[in-house]
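For reference, the chains in residue letters:
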Amino acid sequence: MAAFTTGEVHEFQLFPTELVVKACYKGVRFSGIAVAIQPVIVRAVEPGFVPFVLGADWHFGAWVCKIVPTNSNPLTGFYVWISDSCLMPVSNVSCSGLSPRINARWMPLLQFSGTPEPGDFDRLIDESETLMVQRMPDRRPFRALIECVQNLQRHSAPNTPVEFRLLGRSLSGEPRFLIRTVNTLRETDVFRAKQWLKRHNQWQEKLGKEAADSSLVWRDLHRNMLESAERSPRGGAGLGWVSMARYAKGVPSIRLIEDRNVNRLFFSVEVAC
Amino acid sequence: MGPLHIAASAKTPEILFDAEAKRLTLSGRSIPENAVDFYRPLLEWAENAVAETGMVVQIQLEYFNTSSSKCLLDLFKRLEACDSLEVQWYFDSDDEDMLEAGEDYDHIVGLPFKFVEVDPEV
Numbered sequence: 001m002a003a004f005t006t007g008e009v010h011e012f013q014l015f016p017t018e019l020v021v022k023a024c025y026k027g028v029r030f031s032g033i034a035v036a037i038q039p040v041i042v043r044a045v046e047p048g049f050v051p052f053v054l055g056a057d058w059h060f061g062a063w064v065c066k067i068v069p070t071n072s073n074p075l076t077g078f079y080v081w082i083s084d085s086c087l088m089p090v091s092n093v094s095c096s097g098l099s100p101r102i103n104a105r106w107m108p109l110l111q112f113s114g115t116p117e118p119g120d121f122d123r124l125i126d127e128s129e130t131l132m133v134q135r136m137p138d139r140r141p142f143r144a145l146i147e148c149v150q151n152l153q154r155h156s157a158p159n160t161p162v163e164f165r166l167l168g169r170s171l172s173g174e175p176r177f178l179i180r181t182v183n184t185l186r187e188t189d190v191f192r193a194k195q196w197l198k199r200h201n202q203w204q205e206k207l208g209k210e211a212a213d214s215s216l217v218w219r220d221l222h223r224n225m226l227e228s229a230e231r232s233p234r235g236g237a238g239l240g241w242v243s244m245a246r247y248a249k250g251v252p253s254i255r256l257i258e259d260r261n262v263n264r265l266f267f268s269v270e271v272a273c
Numbered sequence: 001m002g003p004l005h006i007a008a009s010a011k012t013p014e015i016l017f018d019a020e021a022k023r024l025t026l027s028g029r030s031i032p033e034n035a036v037d038f039y040r041p042l043l044e045w046a047e048n049a050v051a052e053t054g055m056v057v058q059i060q061l062e063y064f065n066t067s068s069s070k071c072l073l074d075l076f077k078r079l080e081a082c083d084s085l086e087v088q089w090y091f092d093s094d095d096e097d098m099l100e101a102g103e104d105y106d107h108i109v110g111l112p113f114k115f116v117e118v119d120p121e122v
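Protein chains in written order, with our numbering: chain A, 1 to 273; chain Y, 1 to 122.
Mixed in with the good hints there might be a few duds.
Unchecked claim - Looking from chain A toward chain Y, a few residues come up when the C-beta cut is under 10 Å (computed):
| no. | residue |
| --- | --- |
| 1 | 130 |
| 2 | 227 |
| 3 | 242 |
Hints in this document: simulated from the structure, not taken from any laboratory. Just so we're clear, the structure is a prediction, and the values are computed from it rather than from any experiment. No residue lacks a Cβ here, since even glycine has one placed at the ideal position from N, Cα and C.
Generate the whole structure from the sequences, applying the supplied hints.
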């Protein structure tokens, strides 16, 4: 599936509970409406437009729309990135913005979407701790969460929206958590983030090839980085990334998402623990 | 060495140096977003602690973030020059991560570590 190929968005309107989009890609016009970010319903199609199913997700102050035409149009999977949309209040962000696979299994515990104000990150940590500790005495998930939130705090571009979601589920009676964050990268961090992602992918390959015990690999890596890394200006030395992996169940999913329209990069982290 | 006391907050540990007992204790949680600022006074204090002999450093932390972990390493590195210093690393018996963290420091720095297991129920 092509990643964020940007079509020409003719018009979009954002209402409290629905998003209307009219788009054009390679001369073919599409339109549809997503209702309340819930499982998508095409409610109206104007003459001259090819109907499509609109899968919408809310990311850090912008909508990401997945256009899936209802006919056998080869454009299936085409994404439209609609930037510059207005911010929605937190209450309008629902868990159903997540993929159906995740949505069906995970219960939202805490979410934040918008431009954080002073104290918001501390509040996220405090409230998350209450929610996590009351479900699970194991400190690991909360340790992963601290790193995720402080990563948001440290690396988000100033005065830009961030997204944070904490979800929970029970797996064979054991509590599990999913932490998801998205932030706009500072321009000065772009190179470093790309380099880090490259290394992260190499570590994943190493884990896959050697079938090694991942906890030992991450622990060795953490110790080596702690011993040798130069301290970054805010003191973390990149160790937070490795800590997330160390405390997670499975390797965290880390992605860079590019918005070509405005030449911005977003950093997305998903950690199960 | 004179006494040192930094009160605990929701995100930072209490730091106390008992000059009479020659005991430096860090207790609580250490998750400040900017640990470098928080630990600066302690690290400056440690610069002058090298003349001290027979000192005990007790680490009784419940949580610490990665930013703090580097500052702790800086602290231990500065204290390596002290004579007869012992680090007492406290960990809850059900907290393997905290034990491993102490073992990592033990591996990295040239200070004797003593691991003190604590029953969290007590």
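Hint-by-hint comparison with the structure:
1. The interface hint given for residue 130 (chain A) is violated, since its Cβ lies 13 Å from the closest Cβ of chain Y, which is over the 10 Å cut-off.
2. Because the closest C-beta pair between residue 227 (chain A) and chain Y is about 5 Å apart, less than 10 Å, the hint holds.
3. Interface restraint check: residue 242 (chain A) against chain Y, minimum CB-CB distance 8 Å, threshold 10 Å, status holds.
When each numbered hint is compared with the structure, a violation occurs for hint 1 only.
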